[in-house]
Amino acid sequence: MHHGLHYGLLVMGAPYSSPAPHSALRFAHAIIARGHKIAGVFFYHDGVHNGASLMAPPQDELNLHEAWRELNQQHAIPLDICIAAALRRGLMSESEAQRHGQPAFNVAPPFELTGLGQLLDLQQRADRFITFA
Amino acid sequence: MWHSLSSMQKLLPGTNMSESKIYRYLDSQRKYPLDPEGYLVNQSEWSESVAKLMAEEEGLVLTAEHWEIIEVVRAFYQRYEMAPAMRPLVKATKNALGEEKGRSIYLMQLFPGSPAKRIARLAGLPKPTNCL
Amino acid sequence: MATPDALLVVIRHAPHSSNWLREGLDAALVAAAFGQPVHLLFMGQGIMALLKEQGSGAPGQKATLPIIDMLEMYDIDALWVSEEALQGLRIRQDLLVDGITPVPAQEIPMLFQQHAKILNF
Amino acid sequence: MMLHILTKTPDSSASIEMQQAVGEQDSVLLIEEAVSAALDPAWAVWEQHQSRIFLLSEDLIARGLASIAVDNELPMLDMDGFVALTEQYAKIVTWY
Chain A
43 MHHGLHYGLL
53 VMGAPYSSPA
63 PHSALRFAHA
73 IIARGHKIAG
83 VFFYHDGVHN
93 GASLMAPPQD
103 ELNLHEAWRE
113 LNQQHAIPLD
123 ICIAAALRRG
133 LMSESEAQRH
143 GQPAFNVAPP
153 FELTGLGQLL
163 DLQQRADRFI
173 TFA
Chain B
427 MWHSLSSMQK
437 LLPGTNMSES
447 KIYRYLDSQR
457 KYPLDPEGYL
467 VNQSEWSESV
477 AKLMAEEEGL
487 VLTAEHWEII
497 EVVRAFYQRY
507 EMAPAMRPLV
517 KATKNALGEE
527 KGRSIYLMQL
537 FPGSPAKRIA
547 RLAGLPKPTN
557 CL
Chain C
635 MATPDALLVV
645 IRHAPHSSNW
655 LREGLDAALV
665 AAAFGQPVHL
675 LFMGQGIMAL
685 LKEQGSGAPG
695 QKATLPIIDM
705 LEMYDIDALW
715 VSEEALQGLR
725 IRQDLLVDGI
735 TPVPAQEIPM
745 LFQQHAKILN
755 F
Chain D
358 MMLHILTKTP
368 DSSASIEMQQ
378 AVGEQDSVLL
388 IEEAVSAALD
398 PAWAVWEQHQ
408 SRIFLLSEDL
418 IARGLASIAV
428 DNELPMLDMD
438 GFVALTEQYA
448 KIVTWY
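Order-wise, the sequence lines are chains A, B, C and D. Following the working numbering, the numbering of the first sequence begins with 43 at its first residue and continues without gaps. Following the working numbering, the numbering of the second sequence begins with 427 at its first residue and continues without gaps. Following the working numbering, the numbering of the third sequence begins with 635 at its first residue and continues without gaps. Following the working numbering, the numbering of the fourth sequence begins with 358 at its first residue and continues without gaps.
Simulated from the structure, these hints should not be mistaken for lab results. Heads up, a few of these hints could be off.
Calculated pairs, PhoX-like style, for lysine-lysine (alpha carbon to alpha carbon, straight line, at most 20 angstroms) [as the list claims (entries may be wrong)]:
#1 B:527 - B:517
#2 D:448 - C:686
#3 B:543 - B:478
#4 D:365 - A:79
Negatives, chain C to chain D, calculated, CB over 10 angstroms [what the hints assert, rightly or not]:
#5 650
#6 653
#7 677
#8 679
#9 685
#10 700
#11 704
#12 706
#13 709
#14 710
#15 712
#16 719
#17 733
#18 734
#19 750
Each residue gets a CB set at the ideal place from its N, CA and C atoms; glycine is no exception.
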């Protein structure tokens, strides 16, 4: 009866400062295990740090950035980051680095910098919309 | 993984900016640096002649009708410390100049493309930061 | 009072404490700019964003009051505050900007029920 | 009818604000720091929402609070149960 729901996730907690990204990832895998789909994950507020590709925790700890990438690779789940929240906090994709004249970048596909419109669109499209913060 | 942009090293501050494709100058005397999207780097440098130069390179001749809209946007920024998106721009124009002009079609005719962004640039305001 | 397709944005954080307030208001502004009806509910410390005597920001920070004043330009007219929270903070309504509607404690759950879409900041 | 997720301790402002918003038909799920509510079976919210309030078991176990929750006869859900709960509520609000 409740199978095949589309979930949208909003992640606003920073990796290793907040338990939110861990909770969100475990929840994401549980959603899929129950036969549902994830329409997208949107990162806002301090959650944008999940997209930092320079993240290098000790080898025996979960690398949250890698964990999100794997979720994307295994289930083709879009990973969208609010561009204004990211730029403020020093996260940039290659094209943003070019636009801002910066010598390096730290956001790469499958993470995408996008507008808040994407968040509102995800909330509209999803059958279930859940915030982790 | 660390992404190095070797091709961009020359753009680091302190290197020769004139070779850069990112920053450019509005004027031939190189007085007014622009950011990669054509916004003024130093807001305080804005003047009516700067606006005229900006408009010129966009192929736009500023008439009295353009100027009154630019004034509306500058007043909006003065009051709210943010450049307006299209919807509040229409409302602010309506409040200041009346029903006839406070319509998106009118603003589109004066500033074709995306009026909110174009006017913010011509008015010497920072790029709207809203996640739009 | 509430339309089914309106977005309810709940603001619970004060100015100058974190970026929750600004980023919450940003979400409200973007939704409104896209033409979605937006209602704002201020709870707890979030009420501090409505104090009319707020000065300009702490050094290097932008003030919140201009954004609150700007909401009407985005057609965000429904600004609700929890009456209970007002009393809890000992804030009289005349200390707040104009156009605020106090909501009695027993009606707060109703506001949440009436909105299909909610963002909680 | 909706689901409230609380992530902060029972005495947090998030918790107080959530209590102001919870309606009679609503359910409550306690995760992350909120599972410390297991230590206080006298917490008003246990009384008010008896049959519709749950603790996330893996967050309890991680914090060493699982047997206390069992002793106090408080209802627990695992991650799969968390998803199942969200299936029943079209609207979910997180308090943090």
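Hint by hint, here is what the structure shows:
This hinted pair checks out: residue 527 of chain B and residue 517 of chain B have alpha carbons roughly 10 angstroms apart, not beyond 20 angstroms. A threshold of 20 angstroms between alpha carbons decides the hint, and for residue 448 of chain D with residue 686 of chain C the separation of about 34 angstroms lies outside it, so the pair is violated. For the given pair, residue 543 of chain B sits about 16 angstroms from residue 478 of chain B by alpha-carbon distance, which is consistent with the 20 angstroms threshold. Taken as a hint, the residue 365 of chain D and residue 79 of chain A pair is broken in the structure, with Cα atoms around 28 angstroms apart against an allowance of 20 angstroms.
Look at residue 650 of chain C: its CB is around 16 angstroms from the nearest CB on chain D, clear of 10 angstroms, so calling it non-interface holds up. Every CB of chain D is more than 10 angstroms from the CB of residue 653 of chain C (nearest about 14 angstroms), matching its label as outside the interface. Look at residue 677 of chain C: its CB is around 5 angstroms from the nearest CB on chain D, not clear of 10 angstroms, so calling it non-interface is violated. Against chain D, the non-interface label of residue 679 of chain C is violated: not every CB pair exceeds 10 angstroms, the least being about 7 angstroms.
Once the 10 angstroms rule is applied to beta carbons, residue 685 of chain C is consistent with being away from chain D; the minimum gap is 18 angstroms. No beta-carbon of chain D is positioned within 10 angstroms of the beta-carbon of residue 700 of chain C; the least distance is around 26 angstroms. No beta-carbon of chain D comes within 10 angstroms of the beta-carbon of residue 704 of chain C; the shortest separation is about 25 angstroms. Once the 10 angstroms rule is applied to beta carbons, residue 706 of chain C is consistent with being away from chain D; the minimum gap is 26 angstroms.
The claim that residue 709 of chain C is not at the interface with chain D holds, since no C-beta of that chain comes within 10 angstroms of its own (minimum 24 angstroms). No Cβ of chain D approaches the Cβ of residue 710 of chain C within 10 angstroms, the least distance being about 20 angstroms, so the stated non-interface status holds. No beta-carbon of chain D comes within 10 angstroms of the beta-carbon of residue 712 of chain C; the shortest separation is about 17 angstroms. With a closest Cβ-Cβ approach of about 8 angstroms to chain D, residue 719 of chain C is found to fall inside the 10 angstroms limit, against its non-interface label.
The claim that residue 733 of chain C is not at the interface with chain D holds, since no C-beta of that chain comes within 10 angstroms of its own (minimum 22 angstroms). At the 10 angstroms boundary, the C-beta of residue 734 of chain C stays outside the reach of chain D, the nearest C-beta of that chain being 17 angstroms off. Non-interface status of residue 750 of chain C relative to chain D is broken: a Cβ of that chain comes within 10 angstroms, the nearest being about 7 angstroms off.
Hint violations for this structure: numbers 2, 4, 7, 8, 16 and 19, all remaining hints satisfied.
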